[in-house]
Amino acid sequence: SQQGEEDPQALSIQEGENATMNCSYKTSINNLQWYRQNSGRGLVHLILIRSNEREKHSGRLRVTLDTSKKSSSLLITASRAADTASYFCATVLIASYGKLTFGQGTILTVHP
Amino acid sequence: KAGVTQTPRYLIKTRGQQVTLSCSPISGHRSVSWYQQTPGQGLQFLFEYFSETQRNKGNFPGRFSGRQFSNSRSEMNVSTLELGDSALYLCASSPDRPYEQYFGPGTRLTVT
Chain C
6 SQQGEEDPQA LSIQEGENAT MNCSYKTSIN NLQWYRQNSG RGLVHLILIR SNEREKHSGR
66 LRVTLDTSKK SSSLLITASR AADTASYFCA TVLIASYGKL TFGQGTILTV HP
Chain Y
8 KAGVTQTPRY LIKTRGQQVT LSCSPISGHR SVSWYQQTPG QGLQFLFEYF SETQRNKGNF
68 PGRFSGRQFS NSRSEMNVST LELGDSALYL CASSPDRPYE QYFGPGTRLT VT
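Protein chains in written order, with the numbering used here: chain C, 6 to 117; chain Y, 8 to 119.
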């Protein structure tokens with residue numbers, strides 16, 4: 006079963022706009038990660054945020070984590086057409102080895 | 008470093024047959040995880056191996072099995088294939104828990 010729920014399921018924006026995706030999960034976690042997948046290919050790791058962190062940045066990416074609400078958000082600033090992909094949040098539970106539990110993903114389309 | 012490689016990339020099998028998929032992790036990574044991705048169920052964890060030992064297992068029937076060799080390469084086997092086993096099978100490697108995972112391009116299995 007899926008640990009996380011992502012919102013929205015699909016997002017369509019213009020180049021230059023910001024894109025925000027949200028993820029909620031059900032149980033206590035060790036960390037939460039975001040991945041990108043292009044057209045059914047392998048996943049690419051974007052960012053990892055630990056349970057004791059509240060915000061993290063990487064380039065145009067900003068991730069927040071609210072453990073009290075069991076939710077996270079991924080913000081992509083100044084989106085580009087190349088950002089078009091599916092984005093997944095994945096949680097790692099405490100004392101869970103090598104297991105990512107994925108949400109259903111958000112399909113992001115950035116129009117040139 | 009070379010990325011995670013998976014062979015074969017595409018496979019067509021008949022119901023009732025068995026299949027073996029192979030994964031070579033990034034050099035130095037001792038953890039290998041396997042995932043199944045389908046449109047209906049999304050990304051689901053199959054199992055994880057670390058130093059030739061299975062540390063974690065998902066909720067899949069016993070027809071799905073795996074192993075890891077001393078060089079960290081891993082194989083997964085699916086016996087008595089069913090139509091519902093058609094999926095993208097992804098392998099990921101990691102230095103260890105609870106780090107980010109690096110995914111291969113996947114093996115697209117079609118069962119007819």
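Rather than coming from a laboratory, the hints here were simulated on the basis of the structure.
Do not take every clue at face value.
Below, simulated BS3-like cross-link-like pairs (lysine-lysine); rule was C-alpha separation at most 30 Å, straight line [said to hold, decoys possible]: (1) Y:K64 <-> Y:K8; (2) C:K74 <-> C:K31; (3) C:K74 <-> C:K61; (4) C:K31 <-> C:K61; (5) Y:K64 <-> C:K74; (6) Y:K20 <-> Y:K64; (7) Y:K64 <-> C:K31; (8) C:K75 <-> Y:K64; (9) C:K31 <-> C:K75; (10) Y:K8 <-> C:K61; (11) C:K75 <-> C:K61.
Status of each hint after checking the structure:
1. Y:K64 <-> Y:K8: 28 Å, holds
2. C:K74 <-> C:K31: The given pair, whose Cα atoms are some 9 Å apart, holds under the 30 Å limit.
3. C:K74 <-> C:K61: 17 Å, holds
4. C:K31 <-> C:K61: Since the Cα atoms of K31 (chain C) and K61 (chain C) sit roughly 21 Å apart, the hinted pair holds (cutoff 30 Å).
5. Y:K64 <-> C:K74: Given that 30 Å is the threshold and the Cα spacing comes to 28 Å, the pair holds.
6. Y:K20 <-> Y:K64: Roughly 25 Å between the alpha carbons, so the hint for K20 (chain Y) and K64 (chain Y) holds.
7. Y:K64 <-> C:K31: Measuring from Cα to Cα gives roughly 20 Å; hence the hint holds.
8. C:K75 <-> Y:K64: OK: K75 (chain C) and K64 (chain Y) at ~24 Å, within 30 Å.
9. C:K31 <-> C:K75: 7 Å, holds
10. Y:K8 <-> C:K61: 26 Å, holds
11. C:K75 <-> C:K61: 16 Å, holds
This entry satisfies every hint, going by the numbered hints stated previously.
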